[in-house]
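From first to last, the protein sequence lines are chains A and B. Numbering (this note's numbering) for the first sequence: 127 to 386. Numbering (this note's numbering) for the second sequence: 3 to 361.
Everything labelled a hint here was simulated from the structure, so no lab data went into it. Just so you know, not all the hints are guaranteed correct.
[Unchecked claim] Label pairs and their in silico Cβ distance ranges:
(1) Phe321(B) - Val250(A): 35 to 43 Å
(2) Asn110(B) - Val203(A): 45 to 53 Å
(3) Glu310(B) - Met214(A): 42 to 50 Å
(4) Glu196(B) - Gly193(A): 30 to 38 Å
(5) Pro164(B) - Val203(A): 50 to 58 Å
[Said to hold, decoys possible] Beyond 12 Å from chain A on every Cβ pair, some chain B residues (computed):
(6) Leu35
(7) Glu107
(8) Arg122
(9) Ser126
(10) Trp159
(11) Cys193
(12) Ser214
The C-beta atom is built at its ideal place from N, Cα and C for all residues, glycine as well.
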Amino acid sequence: MSKHAPGERGPALDPHMQIQRFDLHQRLQHGLMASSFITLVLTGWPLTTHGVGTSQSLVGFFGGMEGCALVHRIAGVVMLVAAVYHLMYLGLLARRRRLRLTMLPGPKDAVDLLGNLSYFLGKVKHRPRFPRYAYFEKFDYWAVFWGVAIMVGSGLIRWYPDLTTSIFPPFVYEVGLHAHADEALLAALAIFVWHFYNVHLRPQIFPMSWVFITGRMSAAELEEEHGAEYDELVAEHQRRQRAAAEAGKDAAAPKPGGEA
Amino acid sequence: MRVQRPERPRRPVLASQGALVASNPFSPPATPLTRAARLLGRIVMFGLLVGPASAAGEGGRPGKLPADLTAPDVLTGSEAIPAPAPDPLRDTRWCRLCHDGAHLEPTNWKKTAHGEQVCRDCHSGYHFNPHLPVDLGPEAATTNEGATPEKRRAAAWQTCQPCHEDDVPAAGVKHGDRLPGAEGTPTCRDCHGEPHEIVQAETLSATDRRRSMNQRCTACHASEERMQKGAKPGAEVPGPETVAAYDHSVHGRKLDLGSERAPGCVDCHGGHEHKDLKNDGATVCRECHSSADADFVTLGDHRPFTREARPVSFFTLKFFGWLTFLTIFALSLHVLLDVWRSVRVILARRRSETPGGES
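Produce the complete structure using the sequences and hints provided.
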């Protein structure tokens, strides 16, 4: 929508240039998380709404209550593996001093939220120029972070109720029992309403943004969705061009690539 | 326990003659005259069938078999009735001369748990045929709607007890310490079902068996009125919320979804035996949950999730309820605003691109 005058911000990148946003590890983590999440919702939902006919047929699809429970637990372990994978990935990046703290919320997110709401209401003509992760994407990430911690913890409590009460006081099980079902409802609604709207149904990107499969995004898309990051890339591009010119070499610009 | 067989109209069976006749839609109303005429007809029929053979019986019983009684009895499967001590009254054909009903059809009867038994094994006291159309005591009372509750309860276990002698109502047996005669307490059939329709437990799946048993328990335990009626004097009666709490529990939900392992009422509370869940529930829980301790038992004590009974559950549910509502409300609002703006942008672009429009 928002066409910024490129002249103000220096020479633009080739709009068709593909920019790597997510590496293979990140895409794998997302894939494991997404597949286990959907399986967990399908196999866990019937127990919450056991009186509904759909629940009975869902359970039948997974081979009865016992089969349903088995699939649910396998998927739960997959989600736990994905979470550990992600934490180890972050730890490794930090050790190599390549961890960029772009996911941490900051004051710009509040400004962007207000700017985006003003855009929704027609007060301003353009969306805010979002950083590498826009505020709604940071929300997704931290919601999943909190959600996985709650769901894995309460899931294990429900998986081993007798161990739970032999280690903790009994109210811990009660909290886990309700937290699991209720946080699941919150997570499912957040994913299927909010996340799916933002990455699938939004008219600008319908039917979906391919970045979760390819990890790449064109420069034009990047400028549209993450203007601030685009500006940084352009600035870096110019800096390298200047450095190359000063070194008296050909202006063979190195490819700017996003990392982490 | 009417799980396997199709529904059929119920008729009073082996009741007093008056009830039997009244249930026949083709019969005129029974007056003393018609009753006498029917009785006469039966005696004549009986005489034609067995009269010549049973002339010299001991103690009023027919002594010799009629010719057709040596044929295999389709109902009991016995090849022939033993000749030395023949008892025509074990041949159910005599009963079925007058008493009919779908469940007395041999093919149906054979499927029930009592398929090897004949009428007289339970309905004792009929020593000659046809018997008089009178109330013959407890036996008749078990199927007679008009019988007093005391009579029904007494009859029920007197009828079952000769064979099921280990399961007699007695002190230490669930529901049995107050039988017979206590008002409101269940008889055998209240838990085990209509005697003519009881099937072997093994013929049902574990799920169906538990579901059907749960229904029989909750018929009383989910009813405040019935529980008050059957309560021991001064006893604390668990209310219907107990059953509701089970239905909401993981056990109840799983059984509802067809689990083969989730326990029903009697799995924890025992069938005829009392299980001391209050003082030693952990032993019962450990049948499935190997590390269960006394704390664990309190999780399944059927307390409702109310502020008074389970404050932790109550406030956890409140917290997540509000968290979910407020979060999803905010997210939905954001989505709707986004949709609204996007539609307006698309419409504006389309207007500007339409030929003849204000491009």
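Compare the structure with the hints numbered earlier in the document and write down the numbers of the violated ones, lowest to highest. none
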